[in-house]
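Novice: For this one, chain S is given, so just place chain W with the ligands on it according to the hints.
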Amino acid sequence: MSTFRYLMRDTFRLLFRHWGMSLLTLFSISAVFFLLGASSLLSLNARHLLDNVEGQLTVQAYLKAGTDLAAARDKVQSFGNIVQITSVTPDEALERLKARLGNRAEVVTLLGDNPLPPTLEIRVERASHVPPLARRLVAMAEVDDVVYAGGLAEKLSRLSSFVGRLSMAILVIAIVAAVMVLFNTVRMAVYSRRDEIHVMLQVGATQTYVALPFVLQGMLLGMAGAALAALTLLKGYASAVDVLASTMPFLQFLRDGALLARLGVVLVGAGISLGWIASWLAVVRFIRAAMKPL
Amino acid sequence: MDIRISGVTKIFEGDIVALDGVYLSVGAGEFVYLVGTTGSGKTTLLRVISREVLPTKGQVLVGEFDLRRIRYNDLAYYRRDLGIVFQDFRLLPHLTVFENVAFILEAMGVPPKEVRDRSGFILERVGMWHRRFLRPPQLSGGEQQRVAIARAIVNAPAILLADEPTGNLDPRTSDEIVQLLTSINASGTTVIMATHNQYLVDAYRHRVVEVHRGRIIRDEPQGRYMADVDL
Ligand SMILES: Nc1ncnc2c1ncn2[C@@H]1O[C@H](COP(=O)(O)OP(=O)(O)OP(=O)(O)O)[C@@H](O)[C@H]1O
Ligand SMILES: [Mg+2]
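For the record, the sequence lines run as chains S and W. Per the working numbering, residue 1 is the first one in the first sequence, and the count goes up by one each step. Per the working numbering, residue 1 is the first one in the second sequence, and the count goes up by one each step.
Please keep in mind that the hints were generated in silico from the structure rather than gathered at the bench. Here the structure is a predicted model, which is why all the values come from computation and not from measurement. Backbone N, C-alpha and C fix where the C-beta goes; we use that ideal spot for every residue, glycine too. Take the hints with a grain of salt, since some may be wrong.
Stated by the list, open to error - Covered, in the sense of this in silico footprint (three residues per stretch, anywhere, with C-beta under 8 Å from a C-beta of chain W), are these stretches of chain S:
hint, region
1, 3-11
2, 185-199
3, 202-209
4, 288-294
For reference, chain S alone in the conformation it holds in the complex:
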């Protein structure tokens, strides 16, 4: 127990004796983790967007004005692979549009007569069912135009995989940068106390006792840096999403609080682990060398 007290005291001495170094490390680590967290958010959002689009396996068939919705619906029903068909009359479509626009609904009145066509919304089971259905729909005389998300989903999935690869690269760079910064800081602390370390080992301190304050120093710096980054990032993200969502209401941003909290926890956990690894690397070889007999 006493050992634990000495350990805590020595760790905080290390942190505060070279406080300038500690601050510098703290900010470098948070910058690195901020970058890491931002890229994760970007790729999470890309995935989220894609999921949303894929979730809507719906083909919209705009019919020519005056078409009998019920008859068209029965015809389409016979195509197979169809989960559900919803008929939307022009009036219903207008109501929906108004609802989507919310407090800007009055712009709809600028449209004058309702220009919206009668529509069939056809849900299929899988994305692969969409193109053949679309082709058959286009061939129908009643159908004016067919809109489906297939092309968009494809584009988004390409974007998402690009963002995924980008954030992978950032992840690797961030890990290397964080480890190097922490390693360097701890090694300087070790170096500045090398005489002490030698004497301690010569008088019977165990390697663990000598190493632990340095390892804890690295872990605390890693943790604090990551926590700082996570806090700024998640706070910044919340306000950024609010702003973006009001200017681009058609985009669905990720707002899953639990997932974001988990991202924060992962960042802090990564900070602690990288701190541990980096400082262990920095101190263990020095101690081994100091213990080695001539």
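Specialist: Then chain W with the ligands, alone, in the frame of chain S:
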């Protein structure tokens, strides 16, 4: 703890033979002077015992520890049975006198109150209590020497290795240091002291082991610095 050194040879890089087939046994509670000219191998012999130097050949047994085979963790525990006064003190300049002594006990996991009591007691004993708040650079050579001794004995070691603990000290302070070591020895600690000081060896008579070119050429109980042997 008994020390048994048998057939120890140490050849440093560059074919420097520092020790050459040394046999030496020191029983628990003995006081031994290691004498010999500069470069004869005294420091190396002490460092073999503290396992800072690994022999090229030969065996070193101290108590139940075989220093050739000892593992790193056991080495830490072995060294807690040793006290070492280095030829160059090796005090930590940014710690106070008190902290220089106390941190040894802390490293051994001794509770804070006991650390304070024992460090204070030892500093009293070497006459450095009144200097406890100073740092080593603020001390005279003799005072640093005393702190180095205090640090070496604060863990109540079974064996005290002192490498020229009176180097550069005036005769009176040297006397005090040897008296101090003698009283430590009287409380049961084995003392091995390397020295060039003829006066001390002749005045405070103990076993004398003379090293010459890495070999032991003389080993006398209650010996003199230069016995009647002529080299
Ligand atoms: N680390 C080392 N590397 C190479 N040679 C060494 C090393 N340490 C000691 N030696 C050599 O071993 C020999 C014995 O040295 P040692 O320090 O044991 O002598 P000593 O008896 O303590 O001398 P002194 O009385 O001057 O302290 C010397 O020739 C020295 O150069
Ligand atoms: Mg020497």
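Novice: Now tell me if each hint is right for this structure.
Specialist: So, going through the hints one by one against the coordinates:
Three residues within the 8 Å Cβ limit are the bar, and the region 3-11 of chain S against chain W gives 3, so the coverage statement holds. For the region 185-199 of chain S, the stated coverage by chain W holds: 4 residues have a C-beta nearer than 8 Å to a C-beta of that chain, and at least 3 were required. Three residues within the 8 Å Cβ limit are the bar, and the region 202-209 of chain S against chain W gives 7, so the coverage statement holds. Check on the region 288-294 of chain S: 3 of its residues sit with their Cβ under 8 Å from a Cβ of chain W, so the three-residue criterion for coverage holds.
The structure is consistent with each of the numbered hints, conforming to all of them.
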